[in-house]
Amino acid sequence: MLLVHDLVKRFGTLAAVDQVSFALEAGRCLALLGPNGAGKTTTVEMLEGLSVPDAGSVTIFGKSWSTARHEILEHIGVQLQETNLYKKLTVRETWTLFGSFYRSCMSPDELAAQLQLTDKLDVRLEKLSGGQKQRCYLGCAILNRPKLVFLDEPTTGLDPQARRQIWELVRSWKRAGTSILLTTHYMEEAEWLADDVAIIDHGKIIARGPTKELISTHCGSETLVVETENVEAIVRSLPATAHVVKGDGRIEASFAHAGEAMRTMTELSSGEHKGTVLSMQIRRSTLEDVFLKITGRSIRDA
Amino acid sequence: MLDRALLQQIKVRWLEFKREPSALGWVVFMPIFWMVILGYAFSNPKPEVYGVGVIDGSKVGDTDVAETLQKSAQIKLRHGNDADLETRFRRGEIALVVSATDGSLKFELDPNNPEASRARFFVDDLLQRSQGRVDTITSTSENRTVRGGRYVDFLIPGLLGLSVMSTGLFGVGMSIVSNRKENLLKRYLATPMRPGTYLLSHVFGRFISLAIEFVAIIGSGFLIFGFGIEGSWLAFLAFAILGAACFTAMAMLAAARTKSLPTISGIANLLSIFMTMSSGVFFSKNNFPDSIVPFLDLIPLTALNDALRKIALEGAGFSENLRELLVLCVVTTVCGISARWRFRFY
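Residue numbers (the working numbering), protein chains in the order written: chain X, 1 to 302; chain D, 1 to 346.
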């Protein structure tokens, strides 16, 4: 469906995207996950044909942008970051406008039913909430029934409820067989939507694979979080199999197997460190832990 | 050429215009406002009134100068000593100072002020007659006015030209730049719409707003001042359309790459002020020195105003406006092609 090989984009001497390769198979969702400024948008804009890579190749439906631009555009859907459509137009007028660019498209009524905007069809965009507006924009991305959809940070700036609504929509498209390439800096979003994840930092892909596998290979399935006054002593007493990240008064130890975290927790609560441990909890490992382990930084601080 | 995408884009141009009340207001009401204000201000010219200062005690023969001048409705008289009058002169209250000693008159004035020179001759004539001067030749004057010769007849085509220019430069330029700034143009690039469709829609969109301003200006000119077009309506309309296309092309070129609204509004201001000043919108371009008039003729707004006036006032057609036609066509073509070539969607 989408094949990306050794993609490079330079701005002056800075390589904003540095030899990025991945593939997206039909009916799957791939998330490009990384902090702000990692090169996600630059990458995705090359995939969308909006900018030309300095090196490498992009193949969509087995075709390339330089020879089959029109053909590709007819069958992809795009949601750009930070776009504002005409605020004086209604939802129906906006979709009719975008629909006129394609050989065939869904009717506004059909789209509204799918995006839960039926009662807003004849309302101007300036009167919509953030979530409704975003769904209207998403309508523009899917009205040509695309085989492949690019979503660049589709839920940034939305409240949790609006975000969840959009996640449900994206999952329904996936069930219907649409392939989706998503960029995000929200861990939960990638875990919730993506079958595969590529973690990108400073323009390079630093880890790539099916979401669950990526977490278990890099971090184990569970993480024990310990808050203590005596970080060094406790770290020394942890089993060698644990992957440990130290913070200020805080230790995060990841384990490959569920039992190990529990066993360690029991040992710490009864052994010599009993007095210095303030609190302990076990949680499921996340993509955040993977990012932290590989880069040493939290994705939010990066 | 008129495919579905283009028709939709033209519809959007129209909706954008219609739903922005201030845009509609500027396009329709500004020219009518100017027409009414200037039309009435100049419609019944009263005789000129001169500010004249007389030094106290000025007499010629037995008559007091101040007393004689007081009788004329065309003189706004001030009198006082030299210092008083100096102050009034500085303030622009009077343009001429009159004094009389030993039976002879003295006029003091700024030679660069044409009004002062006219005042001097008026006052001199009045005083000479009061002392018994008789004309050697008899003279009479009769009123002579031609159809379309009122100031308002001259003004209306100029206002139409001005409006065609500013709606084009500001309306189209600002709309393109704000679309680019909002990433909307980039979004279009990710659709199969042909890029030229967007630009073309601005030209057609401009024709729709032109229809509104044309009806508003010419219609109120007709209703309020009985303005009429001597020549062919078709030619008049054709020049208005060509003018709209020309300024739309200029706006597209100016907006081809810029991402900042202050920049495009600066460029549009610069162009429109320059053209308004030098194209004779409110007063004839023939007030400029003869040596620079041929250069002014190359400015698109001059060409448009000249052609509209010749058609409306002199009954001219296309054949008398070949130079104007050429200027507008060349500017439209050059700006249009350069705009398409330079245009960036983001």
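Warning: the hint list may mix true and false statements.
[Said to hold, decoys possible] Simulated coverage check for chain X against chain D, where a stretch passes if three residues somewhere in it have a Cβ under 8 Å from a Cβ of chain D:
#: 1; segment: 42-55
#: 2; segment: 84-96
#: 3; segment: 203-214
[Claimed, not checked] Computed, partial: chain X to chain D, Cβ under 8 Å:
#: 4; residue: L80
#: 5; residue: F101
#: 6; residue: S104
#: 7; residue: C105
By construction, these hints were calculated from the structure, which means they are not laboratory data.
A virtual CB, placed ideally from N, CA and C, is assigned to each residue, including glycine.
Here is how each hint holds up against the structure:
Taking a C-beta to C-beta cut-off of 8 Å, the segment 42-55 of chain X contributes 3 residues in contact with chain D, enough for the three needed, and the coverage statement holds. Under a criterion of three residues with beta carbons nearer than 8 Å to beta carbons of chain D, the stated coverage of the segment 84-96 of chain X is upheld, 7 such residues being counted. Only when three residues or more bring their CB closer than 8 Å to a CB of chain D does the claim for the segment 203-214 of chain X stand; here the count is 0, and the claim is violated. Hint status for L80 (chain X): holds, given a least beta-carbon distance of 6 Å to chain D, under 8 Å.
Hint status for F101 (chain X) relative to chain D: holds, with the closest Cβ pair at about 4 Å, below 8 Å. Here the hint on S104 (chain X) is broken, as its CB sits about 11 Å from the closest CB of chain D, past 8 Å. Given the 8 Å rule on beta carbons, the hint for C105 (chain X) is violated: about 10 Å separates it from the nearest Cβ of chain D.
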